[in-house]
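A.B. asks: The residues making up each chain are set out below.
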Amino acid sequence: MFWKRQVPIFIVALIGSITLFGWFIDQPDVKEFIGDDATQWFDVLASFAIILGALNLIKLQIQKVLYQKPGWQYSVIAVLGFIFAIVAGFFVKGVDDSVAQWGAHVTSDGTLFKWMFDYVFSPMSATMFSLLAFFVASASYRAFRIRNFEATLLLVSGIIIMVGRVPIGGVISSWFIMYLIVLGLGIYVNSIKKDTKVTFVFVAVGVSLVTIGGIISGWPVDQPGIFYLPSIQEWIYYYPNVAGARAIMIGIGLGIFATSIRYILGIERSYIGE
Amino acid sequence: MVIFAFAIYWLLGHPYFVTDRIVMLFSILSLSATLIYYTRAAERGEEFYLRPIPALKAVEEAVGRSTEMGRPILYVPGIQDMDQVETVAGVVVLGHVAKMTARYETSLNVPVSRSIVMKAARESCRDAYTVEGRPDMFNEDMVHYLTDDQFAYAAGVNGIMVREKPAACMYMGKFYAESLILAETGNSIGAIQIAGTASQAQIPFFVTACDYTLIGEEFFAASAYLSQKPELIGGVKGQDMIKLAVIAVMVISTILMVLYESTGFGFNISEYLTIR
Amino acid sequence: MEFSALLGAWVASFLTIGIFSYLYKDNPFYKIAEHLFVGVSAGYLLSLGFWTQLQPNLFGRLFPAKHYDPDTITYTIYNVLSFFSSSIFPEGGIDKGHDQHLIYLIPLILGIMMLMSLIPSFSWMARWGIAYVVGMAAGLKAYGYLNSNVIGQIKGTAVNIFDFSLPIFSLSSPSVFNNLIIFVGTICGLLYFYFSKEHKGLLGKASKIGIYFLMISFGASFGFAVMGRISLLIGRFTDLITFSGSDYNYATFWVLILIVGVLGYAAFQDKEKETVPSDDSDVLTEEE
Amino acid sequence: MTNIENIFLKIGSIDRRWIFIIIALVVVVPLLVPIGLPIRATDTSKSVYDAVEALPRGSKVLLSIEYSPSTKPENHPMAISMMRHLFRNNHKVYVTCLWPDGQFMAQDALNQVAVGEFDKKYGEDYVLLGYRPGGEAVVKGIVSNIRKLFSVDARQTKVDDIPMMDEITNFKDFDFLFSASAGYPGTIEWVQYAADPTGVPMSSGVTSIQVNEVMPYVQSGQMVGVLAGMPGAAEYESLIGQKGSATSGMDAQSVAHLVIVLFIVLGNISYFIDRKRSRKY
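Chains as they are written, first to last, in the working numbering: chain A, 182 to 455; chain B, 219 to 494; chain C, 567 to 854; chain D, 3 to 283.
Chain A with its partners taken away, still in its complex shape:
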């Protein structure tokens, strides 16, 4: 129990307080240890963690093959892929020492490792992500509903950002947006008054007001600014959005601060599986 439980908790407390209070200590030896060696150890252990993760994954795949679990044929492919990557990483360089020595081979052009990166790893990881573009499209069609005021606010600000930020947003005239707003308000008026006449009068007055305004000012694309998509977009992005994002950021910051302190004090021990 002592080795499995107390020691890790002690390590967290010790290393945690050294790094935390190290921020305030201005003594060359301490500073050097915290700034350089302790971080180096961290980096070394982070690499071991990466290796551990990779081996764990492959262990699971091999188990799948050995016990012939459903879909094990595909796991064979995963294992083969792993072996290929290891061969490229440790055994076959593909170029002479004069071009790239061991160690530099993972970045140099012409090596087997680089080939694997360019034509196997890279296209697949990029494609996996780009699949999402399609799902976004179908979800925006079938799931993004104006259920309540909050969702409306979300979708409207999302749409303004989406259109206002790309070049096409700059081509859309602010007068067009004004017409859209008049029509939108018309639908709203109709849904409360339930009277076609009122709606008609409202829309007619609105449309003519906008038209008169347009004729007088000569239809400038980006005037008045509060109806020009790139300007509205910029405003939302830089002010209300930042206010919301900042509230979340402070919340997250406090949450992480609290969790870190709890780790250091040994109150929170989930990392050892408790």
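There's no promise every hint is true.
Under the rule of at most 30 angstroms between Cα atoms (straight-line distance), these lysine-lysine pairs were calculated in the BS3-like manner [unchecked claim]:
hint : chain 1 : residue 1 : chain 2 : residue 2
1    : D       : K122      : D       : K245
2    : A       : K375      : D       : K278
3    : B       : K447      : B       : K337
4    : D       : K122      : A       : K295
5    : A       : K250      : B       : K447
6    : D       : K12       : A       : K375
7    : B       : K383      : D       : K62
8    : A       : K295      : A       : K240
9    : D       : K174      : D       : K48
10   : A       : K295      : D       : K245
11   : B       : K447      : C       : K597
12   : B       : K275      : D       : K278
13   : A       : K295      : C       : K662
14   : B       : K337      : A       : K250
15   : D       : K278      : D       : K12
16   : D       : K12       : C       : K662
17   : C       : K766      : B       : K275
18   : D       : K245      : D       : K278
19   : D       : K122      : D       : K174
20   : C       : K763      : B       : K275
21   : A       : K240      : A       : K250
22   : D       : K174      : D       : K160
23   : D       : K245      : D       : K174
24   : B       : K337      : B       : K275
25   : B       : K383      : B       : K447
26   : D       : K278      : D       : K62
27   : C       : K597      : A       : K240
28   : A       : K250      : C       : K597
29   : D       : K62       : D       : K160
30   : A       : K212      : C       : K766
31   : D       : K62       : D       : K12
Output of the computed footprint for chain B on chain D, the stretches with three or more beta carbons under 8 angstroms from beta carbons of chain B [as the list claims (entries may be wrong)]:
hint : stretch
32   : 195-205
33   : 210-220
If you're looking for bench data, these hints aren't it; they were derived computationally from the structure. Note that the Cβ used here is the ideal one computed from N, Cα and C, for glycine as well.
Go by the hints and put chains B, C and D onto chain A.
C.D. replies: Chains B, C and D alone, transformed into the frame defined by chain A:
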């Protein structure tokens, strides 16, 4: 004690101390003290009020509706392992949901993507059914492992949704891109959907596609609230107090800034807030 | 065109289209590509972590070339290791510009303990290494987040909001109105996450305003998320268009035809089978 | 009226594979047949440009590459434009990577810009220090002593043998930091452990998804401007007056966004019709 010791050290000429960061040291010490104080208070048995969270009420409604319709409930605890706080919170909420399904005799379906999560989720369901006096209704297969891979898992859950047509779908945990795929399918089968996550990039998708969403900290507070563990409730309370302090500092510094820049009265607080 | 690049283009277009075929439905092409991805990325990360950190910065400090002396114990061990793998441990020590620091045996031991945890009965051994990483991350984060995400943000919000040298209202440049938006929005947003009091009265109103700001922010995130996904798709298609050129023997087209053909044929076969519904297919989809 | 409503309902329930095909088309067609919409720079992109422009010639700039091939279409054009801008103004460029794949991306961009376009000299005008695992600890290491962390560069040359590294011992020796980032570790870690504690100005180019996480830093001045996603990269390309892959993607981006907005609107119309009907019964 700490302050006293520090005062002596300070008077001795504070060797080896980064004086520029003194504001930071005091914030760290005082905030930690607040956290510890409320955690201790909760452990001593002091009760703290936590406001009701609408999405949790909706869970009960959803379970009721599933019972009426005779359809199961689908619960997705995210795609990450137990080392993520959100997954832990998800499993805590699962225990709560399992109690309700035991009470209403509705069937529960929990597909998971990590083997450790499977173990934890099974335990928490078993406990819930035992507490409600219905251990007979619990079977291990209600929590089952699909696959580790993100999209394959999403596809598997989609398959379950389309075939079993659950009346309610709940997504509580750490989500990445699959949030969208799940919420969309759930929407297309007309299920009541309730989500909870702290992944900032995924919240918008849940908000638009689900009926209720627990946003970020709300989700953690909900799990503290449901688990009734004193250290978690104390933590929520402590963080609340810190939040109040942050707001207070914000208001006071703003007033000071307005005074300083408009009338030259007072001092420039922003210098104290800049810590190099 | 070199053979390796040509082969690469074919492999890349096969994998890309194989993954895209998932949009039609889950199928063997997708699964092959996906599992290959899992295996290759595991091996890839392992190799990179080893060659960029462990070999130069750990072994490079334990066995630096600077102090090479075959008579000492360390270098005797080194020569044995070198016998097994001269690529990792080249003759004469590792020359990465380090001095010898035997204190780096500590992270080495912790690291080896981490790897030992692959054996189930030693799984606890990983905890030491993890504890180090967790502890250090906690110490760094507690300071970093408090400074940048809390105090820095207080400073960003606490400005002279009634600075009347600024215009009262202006959309996209600093103005009193915009300062107020940030101030009110941030505080109300924080109040929404205040749990230990019921949201009624003034607090209720403030938290309502707060949630509106949060929603606008989520809306912006949503817009940006869509933007990002589309950009990535554009990048993929640009590559596929490149690979469909004559330089690459029209790789994209041929692979596309192959995969569409096979999937189409399978769909056709499925349709004929549909008259006899079988339980088999159900079981299969569940595993997926 | 009911006929129109029925059509909308029918559209509302089409198979999603049709939507997939539409999206594929609206992305591919503008790529093959460009429209050439004008690009106007947003304020946050302009501040990045102005900050770089204001650096005195020969400044030492740290360029950190933190993305992988999966977000290459967004980040790579930013990195390339930034390098062009830096090399054109004769700054010294130091490249580090917090992501493993970052060094391939960096190598790619350097080959294209430093070697291909500007014929700069390795070790004197630019250096690729490479990748180190460890996230925030690497940033902390760079702030404390970069020579200890990067004892060798990506080509395994010792830093003591690299002339331009002579005047560099830690992060404070740099005049500016630009991070091209796609997540953790990335911009946020640079702000927290490097820029905020030292006061060295920094700026960043991030993926669209990440924008909202860093915006508060930009607004409060902890960061100087930000390039947001592929449109941000396109804006930077137009600011430095050299078009690249981001600009050519903008037409497809514009059209795809419009189509998605159209989807949202259509979807909601059929939703309302549906709701109206179910209320009646």
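A.B. asks: Determine for every hint whether it applies to the structure shown.
C.D. replies: Structure-based check of each hint:
no.	hint	verdict
1	D:K122 x D:K245	holds, 21 angstroms
2	A:K375 x D:K278	holds, 14 angstroms
3	B:K447 x B:K337	holds, 21 angstroms
4	D:K122 x A:K295	holds, 24 angstroms
5	A:K250 x B:K447	violated, 40 angstroms
6	D:K12 x A:K375	holds, 27 angstroms
7	B:K383 x D:K62	violated, 61 angstroms
8	A:K295 x A:K240	holds, 25 angstroms
9	D:K174 x D:K48	holds, 25 angstroms
10	A:K295 x D:K245	holds, 28 angstroms
11	B:K447 x C:K597	violated, 43 angstroms
12	B:K275 x D:K278	holds, 27 angstroms
13	A:K295 x C:K662	holds, 22 angstroms
14	B:K337 x A:K250	holds, 19 angstroms
15	D:K278 x D:K12	holds, 16 angstroms
16	D:K12 x C:K662	violated, 68 angstroms
17	C:K766 x B:K275	holds, 18 angstroms
18	D:K245 x D:K278	violated, 50 angstroms
19	D:K122 x D:K174	holds, 25 angstroms
20	C:K763 x B:K275	holds, 17 angstroms
21	A:K240 x A:K250	holds, 14 angstroms
22	D:K174 x D:K160	holds, 21 angstroms
23	D:K245 x D:K174	violated, 33 angstroms
24	B:K337 x B:K275	holds, 27 angstroms
25	B:K383 x B:K447	violated, 35 angstroms
26	D:K278 x D:K62	violated, 64 angstroms
27	C:K597 x A:K240	holds, 19 angstroms
28	A:K250 x C:K597	holds, 15 angstroms
29	D:K62 x D:K160	holds, 19 angstroms
30	A:K212 x C:K766	violated, 51 angstroms
31	D:K62 x D:K12	violated, 61 angstroms
32	195-205	holds (count 4)
33	210-220	holds (count 3)
The structure fails hints 5, 7, 11, 16, 18, 23, 25, 26, 30 and 31 (numbered hints given earlier, in ascending order).
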